[in-house]
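Chains as they are written, first to last, in the working numbering: chain A, 17 to 390; chain B, 17 to 390; chain C, 17 to 390; chain D, 17 to 390.
Since the hints were derived computationally from the structure, they do not count as laboratory data.
Sample of chain B residues facing chain A (criterion: CB under 8 Å; computed from the structure):
| no. | residue |
| --- | --- |
| 1 | N78 |
| 2 | R80 |
| 3 | A85 |
| 4 | G86 |
| 5 | A371 |
| 6 | M373 |
| 7 | F389 |
Bear in mind that the values here come from a model prediction, so they are computed numbers and not experimental data. Cβ coordinates follow ideal geometry from the N, Cα and C atoms, glycine included.
4 protein chains.
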Amino acid sequence: MGPMMDLQTVRKNAADRLTRACRVCRQCNGVACAGQIPGFGGVGTGSSFIANAEALAKRKLNLRVLHDAGRPDMRTSLFGLDLSMPILGAAVAGVRVNRMDGITELELAEAMIGGSRLAGTIGMGGDGGDPEVFEATIAATAEAEGIAIPVIKPREQDALIESVLRARDAGAVAVAVDVDAAALVNMALLGQRVEPKTAEQIREIVRAADGPVILKGIMTPEDAVIAAEAGAAGIVVSNHGGRALDHTPGTADALPGIVRALRGESGENGTCCRGGGQGSGQLAQAAGQAAGRAKSQIAVLVDGGVRSGVDVLKMLALGADAVLVGRPLAIAAVGGGAEGVRLQLEEYAKQLHVAMMLTGCASLADVTGKVLFG
Amino acid sequence: MGPMMDLQTVRKNAADRLTRACRVCRQCNGVACAGQIPGFGGVGTGSSFIANAEALAKRKLNLRVLHDAGRPDMRTSLFGLDLSMPILGAAVAGVRVNRMDGITELELAEAMIGGSRLAGTIGMGGDGGDPEVFEATIAATAEAEGIAIPVIKPREQDALIESVLRARDAGAVAVAVDVDAAALVNMALLGQRVEPKTAEQIREIVRAADGPVILKGIMTPEDAVIAAEAGAAGIVVSNHGGRALDHTPGTADALPGIVRALRGESGENGTCCRGGGQGSGQLAQAAGQAAGRAKSQIAVLVDGGVRSGVDVLKMLALGADAVLVGRPLAIAAVGGGAEGVRLQLEEYAKQLHVAMMLTGCASLADVTGKVLFG
Amino acid sequence: MGPMMDLQTVRKNAADRLTRACRVCRQCNGVACAGQIPGFGGVGTGSSFIANAEALAKRKLNLRVLHDAGRPDMRTSLFGLDLSMPILGAAVAGVRVNRMDGITELELAEAMIGGSRLAGTIGMGGDGGDPEVFEATIAATAEAEGIAIPVIKPREQDALIESVLRARDAGAVAVAVDVDAAALVNMALLGQRVEPKTAEQIREIVRAADGPVILKGIMTPEDAVIAAEAGAAGIVVSNHGGRALDHTPGTADALPGIVRALRGESGENGTCCRGGGQGSGQLAQAAGQAAGRAKSQIAVLVDGGVRSGVDVLKMLALGADAVLVGRPLAIAAVGGGAEGVRLQLEEYAKQLHVAMMLTGCASLADVTGKVLFG
Amino acid sequence: MGPMMDLQTVRKNAADRLTRACRVCRQCNGVACAGQIPGFGGVGTGSSFIANAEALAKRKLNLRVLHDAGRPDMRTSLFGLDLSMPILGAAVAGVRVNRMDGITELELAEAMIGGSRLAGTIGMGGDGGDPEVFEATIAATAEAEGIAIPVIKPREQDALIESVLRARDAGAVAVAVDVDAAALVNMALLGQRVEPKTAEQIREIVRAADGPVILKGIMTPEDAVIAAEAGAAGIVVSNHGGRALDHTPGTADALPGIVRALRGESGENGTCCRGGGQGSGQLAQAAGQAAGRAKSQIAVLVDGGVRSGVDVLKMLALGADAVLVGRPLAIAAVGGGAEGVRLQLEEYAKQLHVAMMLTGCASLADVTGKVLFG
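Can you build the whole structure from these sequences, using the hints too?
As structure tokens, this is what we get:
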């Protein structure tokens, strides 16, 4: 597809192709697809997906227009990499199990990772019951010269560490484990056991990775503290897009308590991990300090229902260092490949730019709880 | 029906047969059937049935994945009987008055009680204006070798005690009285008076039963304390599925206050009555102590809107020792007989297994208020 | 119509006739008819009518079944008259302005007043821009041997007092002024001024009436105290069925503050005005004490969204001495005349009987805030 | 159109013409048109427009009828001009960009400004990417002999001041800058930069205007204080009808905090700026004091979801001195020109008259927080 593509066309393309997985709704909030797994829906009643959308929707912003922050700077850095925006591509993978038509596993991984890179940020790749999924992730990671974060299922320890090493060998800037997949039915069905992980197992993974390890699926202060103390470089506050367990809270509701537990009651966020320019290396430079990482040093990412730059701003205001976007980028990938993903990310960046300007934030360091109303 | 039956087929069968009583909705929450009595609806505006669903839905769970509780144990024991799961079959009976087509009264009782037993737990049988209802319950109880709990209407004292004795003679592990049926119109219409019961009348029933007596339909701390002090072995927190009185709260909202009144302010639940292995006898061993039973010794069961293993977990977290499921098992009984009931119960057990794992609960003793968000 | 009429037939008849005024909805809550004046709707957005329904719906009841209150007594007395139930017929009048087809003004007044009397209670009659309305009320009052309460618009003082005297001459047990009609557009259009009333004007009316005067449309503690101090024998907490002003609260929300202001903070309600047997005279015996009536002596009635005996119980629990029912009785009047009104009132009485039994209330004196959950 | 026109006809005409921009819904609350820009909808999910409606709807009024305020006086004065009502016409402009059919830019400006003047109040005119918009505003202002407030986009400072001077030269009673348009996309697209404004830039504008300057789009106490300290004569609490930024609060929710910040905690509103008769001059008499204007002297206007006289009363009770109405007047302008605007404003005035009477307010000074329930 050529440079004339626009986001509306991308989404129309996707709607034409994705009929079995997703309705490509105007507002992507988990209502129309409740319980549709296979497909993009939330598990059971769909309440966890819906809660993500509702937890964001209920936050309101303080519109500010009398100030000099007319040219907001949204650059940041994560895991030693400078990013154009505090928005990453989440891992959406498994074209067969999710009934995604019109795209292959490799095309999906290349679009998510490559499109994110085109937009100046990082995309993630997935893992799954079908070995093809992780192979696509590794291939796309290598193609992207390591500007990617493979997300590995919480497999039994040996298999998990083997995958971690493959990610490292592919040059990945960091590696993630989506620990909230500990009970994913389709993994067990395919004879590939997954399990909750103990602090000791996390430490073992961190040692093996010899680079930043991110734990995805942290929803409580307790798990967050365990992650930090075990040496994780980052967490993703996530309920797996509402697909792990029915009736979890929205991530925007879980986030503040987690940030308080990690950063202290003062709630000053962004002091260490958010903001631009603290280095530009890309690989494992943070590894040496992993075991002893202070809780306040861990990067706090979040996903769940982020559907606009305004949503991004809200998540940052609630204490996140950056956000992940999943379904909308997968839709863009199906409808427009890497270029579609880039377009969607840049749309969010434009919206974030406006939202920062209209809340008086000159840089991400200004995006604190003060931008939230009430 | 053979072993190849699955739950989807069972529910489809039921939907084909139950057209006059129930729509077999995807989400069974009292909305579509509001006021439909005869039929499965709640009384009046249906608000009490709907409140049950809403009171559960508003509770959110703390997803926990960094722990070693990868193989949860959900076994428990009640009234001296070891159970595979903390889920019992509620009494749904009265095929004629409820316009349930495609099943006889006896088939229904056998499916509810027999199917629960197949799943390793206990089913209840009903009583009604039509004598055939209780006869079916007694027959199914005997067939199940007493692994059943007949639930008797709060008839005038002599008739009630006569039914209690028949249940005892049939070998029932316990007997229940659904005291919330004190004003059921269809009983009075058939010339069979029902009435509220005084503490003294309860004591008389307990003495006559010479075994565990359960009072079903307790919705206040006051009634719970009366039940305990009168020697009841258990209560069921219940608003009769929303069919006794319009505008009662959801049982999940009534439960915590009742548990506090019985267990004390500490809210430590499950210390005496929940958990596995405190004996395996099945009959009236608890009888001797009935009159002097401490409030903390009484088993607290609950029903009302439980539609998944996640709902079961919530009710346990709010202080229940076990839950009862009604309409979904009746639907399964109509669609698949005892095998259908077994399939539905085992589906809930699987969901509870996942929910326990994803909230870090190795056993039912771990399922406390800590698994609830906020 | 003969004695074989049942309520379902009455409502079906009404639905056939009332098509221009009312849809005779299953749940009469102001949603379907929002803004439909002429017609039975609430004014503007309909929010005041809807608020009445919502304020009742949000209250939940404590189901109680372990007690000896199996035969509740719902008799009461008001204005020296013994009543079978704490439910009165409200004034619904104006067949032309409300587009009520199939009934004449006189038939409506006779049905509302006569049907209420048949049920052992009191009905009210209306006043309106068309003189025929009040003539019908006076005629029906006389036919009912004074067991009726004419409700007069807050006309200019001379015209108002003239109407009060006509009501007295017709033998009415009491007379009411619906002061919330102070801005009713259709009155002004017909050249018949209405106005807010001062305390001094109320005193003048009380003196002229020489019998119990009720002020209908009191929604604040301030107005309630003015009414009591000016000698009113009763108030009706009412927002005119949502037809006076858009965006007023539901009466069930306004009621508790008013009761506190009149009865004191203790909130003990019913101590003086509710309960049976304090006399059976019917006319103006309370007149002598009117000027000096204590605030705690004033009868507190309420209307607004009462649609069942359970709603009646809630209003009493919130502090009312009795309730008024409007639209449902008007529907019954159109569908079945006085007999229809009687049937509807007796249906509510049956429901109140069940609700009292299932909340453990042996008499109306037991219906306090304790029956409300939470 | 002749004097026989009524509001219903006006709205029907508008509905026939506005099909591309607006559905002319019975309740204009942002739901049906969510996200429809071009068109009258709110930006993004439409939540900011919807929040305006919801923030008003949740406020309830204390109905008061026992008092002597039967003839409320709703006159006020603003910027030295006596007004018949505390309701102004907001700026709705840009017929091309908003897809408003059946009306020219000049006709729209003349209808909004001229119709407001016919009703005894002030209308505003707009500015836009297309120069024709502001030209129409200036022309209509001159035609109205200066009884108009041109609203200028927050253009780069030189262009902005040039527009201010043109407004002054046209004799405008005051000039406004809608600072919440600081990020309006369609302005940037047309190569006409807009920007947030600093306190120093505001001071410069105030000096240049040599007359009352109003800042429209203030949503926080902080911006309100900056505006007052920089010498603004008034602010409009506004989220630009939900078109500036998605997920802002409703203006009725933002208003009280702003009023407290300006007037002090006592919350006594209206002491200086609301009420009749403090002069009748029309031009820049307040200019001399602008630089040193006390916070308590600044006029607080508000717009956002005002759809009835009851809504006007609520906004005043929350602390506003007057309100602006936008979309409904634009609809009236399309459907009936200046006469349509006059009819709509007078309809609101009638409703406000009734609402004041039924809350016991003899004058605008009586409209305080006491009229709000709870």
